[in-house]
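Taken in sequence, the protein lines are chains A and B. Residue 65 in our numbering sits at position 43 of the first sequence, and the numbers go up by one each step. Residue 267 in our numbering sits at position 211 of the second sequence, and the numbers go up by one each step.
Treat each hint with caution, since some may be false.
Said to hold, decoys possible - Dumping the calculated SDA-like pairs for lysine to any residue here, alpha-carbon to alpha-carbon at most 25 Å:
#, chain 1, residue 1, chain 2, residue 2
1, B, 147, A, 133
2, B, 257, A, 291
3, B, 135, A, 137
4, A, 180, B, 293
5, A, 180, B, 295
6, A, 180, B, 296
7, A, 176, B, 294
8, B, 137, A, 140
9, A, 176, B, 298
10, A, 180, B, 282
11, B, 257, A, 287
12, B, 135, A, 134
13, A, 176, B, 288
14, A, 180, B, 283
15, A, 358, B, 170
16, A, 180, B, 286
17, A, 176, B, 292
18, B, 257, A, 213
19, B, 135, A, 135
20, B, 257, A, 278
21, A, 176, B, 300
22, B, 147, A, 126
23, B, 306, A, 97
24, B, 306, B, 293
25, B, 147, A, 117
What the hints assert, rightly or not - Quick list of the computed label-pair ranges, beta carbon to beta carbon:
#, chain 1, residue 1, chain 2, residue 2, range
26, B, 278, A, 283, 26 to 36 Å
27, B, 232, A, 182, 47 to 57 Å
28, B, 265, A, 249, 44 to 54 Å
29, B, 232, A, 58, 30 to 40 Å
30, B, 291, A, 280, 28 to 38 Å
31, B, 187, A, 351, 38 to 48 Å
Note that these hints are calculated values from the structure, not bench results. Just so you know, these numbers come straight off a predicted model, no measurement behind them. Think of the CB as a built atom: it goes at the ideal place given N, C-alpha and C, for glycine as much as any other residue.
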Amino acid sequence: MKIKLTFWRVVFLVIMALGLYSTYVRYLHGLGAVSNMTDQFPWGFWIGFDCLCGVMLAAGGFCMVGAVYLFNVESLHSVVRPAVLTAFLGYLLFTVGLLFDLGRPWFIWHQLIYMNPHSVMFEVGFCVMTYTTVLFFEFLPNVFERLNLKTPIKWIHKIYPVLIVLGILLSTLHQSSLGSLYLIMPSKLHPFWYSPALPFFFFGSAVAVGLAMTIFESTQSAKALGRHLELSVLVRLGGALLIALWVNALLRFEDFFHRGLVRQIIQPSYEAYFLWLELALSFLIPITLLSFKKVRLSPNGLYLASVISLFGFITNRLNVSLIGFETYVGHHYVPKWTEFSVTLMIVAMGFALFRVAVQYLPIFPNDDLAVRRVSNGHSPVALTAPVLGHAGD
Amino acid sequence: MGKALLYDATLCIGCKQCEQACATQNNLPYNDSIAAEEVPSAHKFTAVLTHGDKFMRRLCMHCENPACASVCPVGAFHKTKEGPVVYDVWKCIGCRYCMAACPFSTPKYEWGSLNPRVRKCVMCPDRVSAGKQTACAEICPTGATKFGERDDLIREAQDRLRQNPSAYVPRIYGVHEIGGTSVFILASVNVEEFGYPASAKIGETPLPEYTGRVMERIPDFIPVWSLVLGGIYWISHRRAEVAAAEAEEKKNGSAR
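Please model the entire structure based on the sequences and the hints provided.
This is how it looks when you write it as structure tokens:
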């Protein structure tokens, strides 16, 4: 079997090689050698991106399961499976990221025996663990279908209502709790981002991101796999995204107003620049774009608005977890290249696994798998998706 | 009754014997270069800071309601009934939430270690439970660091402020801050100049309360939200069933 070296495969290999080097530094020389974290900055890029953004970007799973199975919106049926797959992979990779960030990852199982119910971190850990299990069961039918196992599919269908309710309940809890993590730091986190409403913001933005991420990932995989894209589905998601962005924006501004920060926000300062960037990317630009009917009805327009809002919410998570602490600490934190490279490796693994999964499993509807596999004959493992270009998001 | 430490900076002569005793007590290295370090770290649990002719000690404040203990997912920190806030290294998974949450940024990390620990002053818990003073209080030649009952020390600090008002900034740092600590500081200058967080900034509310307000809702939230979600599921699927049945009926009707 011949494997052709394409541009993206080379990029993928370089990312993996650098990532493996950083992994070696992490586990054989310690956190101090691999990262720029310090006693003043105990939480760095891995918490900010891999954990906060990772879980947020996996929100499409519960959003689409909620829309299709809970509210019974039949028309969105075609996006549930890819959304659940993305979420399942997202949570698995979040766990991988955690194994890098924890100082003593070999004791991660202590979560199960030394529980501290007062700890938000405990709650997040517990919910993420349970929800990953739920996602596993929501994902399993793909495998059973592929193997033509009818009986286990029936079993899973029997427990489906429980899985759906449990999945959404757990998502509500831990998506919001990631915001609650910061409630105990009122004197450290900059007032632009410290708010008693943090859990609401984190949950609200997770819903918006779930919608945006679904648009992004359906468009992207349609392009990569040469599939036909159902415009009606994207249009519905885009409409929902516009509403979600409005709700989020109003909540945020009401909170600024309520806490008397309006004047401070419009004055230029280090924090204000980052806040402006965040608000422009997450609200101003995508809401403006989506307000035009022309954009709302065009696949490219929807894609663009979604990606911009994704960048906006990623900026928000990084502001909350990193930028918001710089004034308190008194110096800047810039991640070391090895920190980026570990994250990049994890994201690249996500794209590759997604690619392999859609190759072998009936993730997309009406796909004749057998035909597709015969016709392109490549080893799917080597077929790194061209979407890797977005791995550094 | 809880024990505490009273540090009176006006009595301190900056001899750093407390640093040395602390290092000995905790099996930490101590030499001239470590003595010159003016920040507590993973290898130095207490530090004496010098600004001109003024001195200040930094150490864990041993909060009455400690943030580190409340945030730790595995309960590696807890406040003993005698007063010290102690750490169980075996439980620790290394998430460093304690470091992020501590308003005094007390816990430090062994960044260079492959099996790192969180390090901080633990107020000599073995000595305290054996009825002895902490190592730093025992060695202090001037009585600047004094060990005793928490209530007694507050009363004593108040007496000192009353008897010699011109020598002190009129407050006892640690009595009200974030709901009270077990380390009190008297000084002739503001402790903020030595890196302690301003009282107004950290407030008087015990930090775990900020989280508690949300966490205490969860036991009610779970059943209510499950019922709502289950209800939505039932209604939306029931509607689909009814619609399907009606369509079926119509079809049968028209066929007839």
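Cross-check of the supplied hints:
1. As the CA atoms of residue 147(B) and residue 133(A) are separated by approximately 9 Å, the hinted pair is consistent with the 25 Å bound.
2. The hinted pair formed by residue 257(B) and residue 291(A) meets the criterion: a straight-line CA distance of about 20 Å does not exceed 25 Å.
3. Of the supplied pair hints, the one linking residue 135(B) and residue 137(A) holds, its CA atoms being roughly 16 Å apart against a limit of 25 Å.
4. With a C-alpha separation of about 14 Å, the suggested pairing of residue 180(A) with residue 293(B) holds against the 25 Å cut-off.
5. Distance check on the hinted pair: residue 180(A) and residue 295(B) sit about 19 Å apart at the alpha-carbon level, within 25 Å; holds.
6. Our distance criterion of 25 Å between C-alpha atoms is met by residue 180(A) and residue 296(B), whose separation comes to about 18 Å.
7. Restraint check for residue 176(A) and residue 294(B): the C-alpha separation of about 20 Å stays at or below 25 Å, so the hint holds.
8. A distance of roughly 19 Å separates the Cα atoms of residue 137(B) and residue 140(A); the hinted pair therefore holds under the 25 Å criterion.
9. Straight-line distance between C-alpha atoms of residue 176(A) and residue 298(B) comes to about 23 Å, which keeps the hinted pair within the 25 Å bound.
10. This hinted pair checks out: residue 180(A) and residue 282(B) have alpha carbons roughly 18 Å apart, not beyond 25 Å.
11. The suggested pairing of residue 257(B) with residue 287(A) holds, with an alpha-carbon distance near 20 Å, which does not exceed 25 Å.
12. Restraint check for residue 135(B) and residue 134(A): the C-alpha separation of about 22 Å stays at or below 25 Å, so the hint holds.
13. Distance check on the hinted pair: residue 176(A) and residue 288(B) sit about 23 Å apart at the alpha-carbon level, within 25 Å; holds.
14. Under the criterion of a C-alpha separation no larger than 25 Å, the hint pairing residue 180(A) with residue 283(B) is consistent with the structure, at around 19 Å.
15. Distance restraint check for residue 358(A) and residue 170(B): the Cα-Cα separation of roughly 18 Å lies within the 25 Å cut-off, and the hinted pair is therefore satisfied.
16. Between residue 180(A) and residue 286(B) the alpha-carbon distance is near 15 Å, which keeps this suggested pair within the 25 Å criterion.
17. The straight-line distance between the Cα atoms of residue 176(A) and residue 292(B) is roughly 21 Å, inside the 25 Å bound, and the hint therefore holds.
18. For the hint pairing residue 257(B) with residue 213(A), the CA-to-CA distance comes to about 12 Å; that is within 25 Å, so the pair holds.
19. For a cut-off of 25 Å, the pair hint linking residue 135(B) to residue 135(A) stands: about 20 Å separates their Cα positions.
20. A hinted pair counts as satisfied when its Cα atoms are at most 25 Å apart, and residue 257(B) with residue 278(A) qualifies at roughly 19 Å.
21. Taken as a hint, the residue 176(A) and residue 300(B) pair is honoured in the structure, with Cα atoms around 22 Å apart against an allowance of 25 Å.
22. Only pairs whose Cα atoms come within 25 Å are accepted, and residue 147(B) paired with residue 126(A) is accepted, the gap being roughly 10 Å.
23. Simply put, residue 306(B) and residue 97(A) have alpha-carbon atoms about 23 Å apart, close enough for the 25 Å limit, and the pair holds.
24. Restraint check for residue 306(B) and residue 293(B): the C-alpha separation of about 20 Å stays at or below 25 Å, so the hint holds.
25. Under the criterion of a C-alpha separation no larger than 25 Å, the hint pairing residue 147(B) with residue 117(A) is consistent with the structure, at around 19 Å.
26. Between residue 278(B) and residue 283(A) the Cβ separation comes to about 33 Å, which falls inside the hinted range of 26 to 36 Å.
27. For residue 232(B) and residue 182(A), the hinted distance range of 47 to 57 Å is satisfied, since their beta carbons lie about 54 Å from each other.
28. A C-beta distance of roughly 52 Å is found between residue 265(B) and residue 249(A), which places it inside the suggested range of 44 to 54 Å.
29. Our hint of 30 to 40 Å for residue 232(B) and residue 58(A) holds, since their Cβ atoms are close to 36 Å apart.
30. One distance hint, 28 to 38 Å for the beta-carbon pair residue 291(B) and residue 280(A), holds here, with the actual separation near 35 Å.
31. For the pair residue 187(B) and residue 351(A), the beta carbons lie near 40 Å from each other, so the given range of 38 to 48 Å is met.
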